[in-house]
Amino acid sequence: MEIASNVNLASLGQQVLVGLSRTTILFIVSSGLSLILGVLRIPNVSHGSLYMIGAFFTYSVASFIGGQTGFWLALILAPLAVGLLSLAVERGIFCHLYDREHLMLLLFTFSLMLVLGDLVKLTYGSNYRSLAAPLMLQGSFSLSGLPFPRYNLFLLVAGPLVALGLWLLTNKTKIGKIARAAAVDREMVAAMGINVSWVFAFVFCIGCLLAGLGGALVAPTQNITQGMDHAIIMETFLIIIIGGLGNIWGALLGAAIFGLTDAIGILVWPQFAIVFPYVAVVIVLLFRPKGLLKSTW
Amino acid sequence: MQDQGMNSRGLILAGVVLAGLAFLPAFAERYYIYLAALILVTGLLASSLNMVLGFGGMYQFHHAVFFGAGAYAAALLTVRGGANPWWGYLLGPVVAAALSLVMGLICVRLSKLYFGMLQISLGSLVWAIVFRWYSFTGGDDGLHGVPVPPLIGSVRGAFYFTLIVTAVCLGLMYLIVNSPFGRVFQSIRDNPERAEAVGVDVVRHQLIGLVIAGFFGGVAGTLFVTVEGTVFPDLMFWTLSLEILIMCLLGGWFTFLGPMLGAAIIVSLRTVVGIYTEYWTLVLGVILMLLIFFLPEGVLGFFTARLGRRRAAGEDG
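Chains A and B are the protein sequences, given in the same order.
Taking our numbering, the leading residue of the first sequence gets 1, the next gets one more, and so forth.
Taking our numbering, the leading residue of the second sequence gets 1, the next gets one more, and so forth.
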């Protein structure tokens with residue numbers, strides 16, 4: 001077949017690695033979304049906007065300080081800033097809406113997405129920005145003759161670290177255990193004398209921080225533009241649906257499916273590469289309509 | 001609860017507004033005639049969404065897909081097939097209804113939020129194909145200069161055609177909502193378990209509801225082609241779906257004419273705000289936030305509820 005003529009083992013291996021580094025970003029963002037959905041029961045449409053804001057903040061901090069330290073500092077400061085922003089929104093507006101029905105909550109986060117998107121446009125204008133990776137992560141190394149960017153290797157290390165951190169947070173700390181309990185039965189947790197409202201605020205903040213972190217990590221790999229929010233939010237929503245709503249390991253599995261089908265699609269049939277992940281999603285959902293892993297709902 | 005959707009007074013009001021619109025081209029400028037046609041198209045789209053959202057209680061998150069499917073089917077038939085444009089008005093709604101049936105068969109058994117999410121993913125699949133199939137759909141550029149039947153080719157002609165079709169469709173939808181089927185459909189919204197228990201085939205009714213909504217969404221799509229003469233993938237992008245959801249919410253999603261009112265408010269506001277600033281989505285976002293906090297029943301819902309209260313108070317006294 002003509003369309004598959006450029007497929008060989010080396011390029012396939014290369015695309016798998018590219019797909020896995022894409023998986024890292026997708027996992028970090030969608031795990032945050034999944035965390036919020038699992039505990040607070042809110043489909044946070046504004047999650048993609050926070051990802052975009054994380055990327056723009058990273059650009060600002062990195063170019064303000066400059067050099068290697070600028071980037072590493074930005075990688076810490078930008079997610080923290082996004083987390084604080086989300087905490088302010090949650091405490092200021094969102095926490096008054098928890099007893100409303102899902103549709104209202106969804107539409108509220110949509111309105112947040114509209115507002116945040118335009119605020120970014122207001123602040124940064126409509127030109128795109130690009131950010132260079134720090135010097136030690138620039139360039140690429142050879143992988144059986146084909147180049148593989150060093151920065152992607154860094155992503156492949158960062159992804160498991162975040163997954164481990166998230167696992168420790170939800171399974172080994174007190175607040176994590178409380179949050180998981182609140183996801184199952186919030187009345188009972190409240191009856192134990194725990195302020196559920198603040199637990200929710202904490203979880204929302206952590207989830208949004210992850211969106212910011214995803215944005216910060218993606219910043220050196222692509223143009224930072226308006227519209228990043230639209231693209232990522234749809235992808236992450238699909239990822240957590242096929243993974244199982246609220247299940248963080250499901251988010252990892254879903255991100256891998258999405259990242260790999262996308263990367264391999266580019267190799268096999270570039271024009272319709274965008275369609276491959278969607279087809280994968282539909283196939284998964286036809287057989288497992290509630291997602292691959294157990295959902296917390 | 002205003003379950004019948006609209007009382008006789010509302011019916012008369014709607015008739016008066018439609019008749020008034022018929023005289024619009026006599027005094028208004030071309031641009032306002034075009035704008036009015038656009039409002040009617042968007043309003044019909046929002047009303048068709050409300051068939052399943054407000055009256056069926058189903059989370060139809062990606063209704064714009066049927067709008068786009070109708071528009072693309074009509075446009076492709078004439079541009080690629082070279083057929084008489086009039087056939088597009090038949091093919092568009094039928095394609096949209098068929099797509100709605102297929103998507104409905106896949107997701108109808110799922111509960112509310114899962115239903116909506118799976119629908120979004122299926123819709124995005126359709127969007128992605130249209131977005132990339134350059135040789136057939138024109139890809140992200142879309143198709144421009146789609147032929148429109150000469151009779152309704154002018155701004156005025158397109159307006160009258162849109163007005164008549166919208167009025168007929170609204171009338172049909174009103175009859176459906178108030179038919180025995182519509183009653184059962186609403187009872188499923190209010191309590192699916194109880195409806196099931198008294199012997200209603202819930203899934204079948206919901207499927208029929210979805211197909212009807214998809215059909216009228218497709219009609220709106222073909223009307224869009226008539227008014228604009230162009231199709232592009234944004235017609236079936238998910239942000240448009242959420243925008244028409246806002247229109248239903250703004251107008252009042254438990255009322256029959258609410259979505260029409262919501263569409264009129266949003267489309268005219270977008271035009272007015274667009275004159276002063278490019279930050280329309282910021283304004284829309286703030287409106288939506290205020291709406292959720294202060295007017296969750298929508299504008300029309302708010303007034304009918306007040307009217308109902310006053311009438312009840314009058315009967316007491």
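Hints are supplied without guarantee of correctness; some may be wrong.
Stated by the list, open to error - Derived SDA-like pairs: lysine to any residue, alpha-carbon spacing no greater than 20 angstroms straight-line:
hint, chain 1, residue 1, chain 2, residue 2
1, A, K290, B, V203
2, A, K121, B, V286
3, A, K172, A, V189
4, A, K177, A, A201
5, A, K290, B, L105
No wet-lab data here; the hints were simulated from the structure.
Any hints from earlier that this structure breaks? Give me their numbers in increasing order, please. Violated: none.
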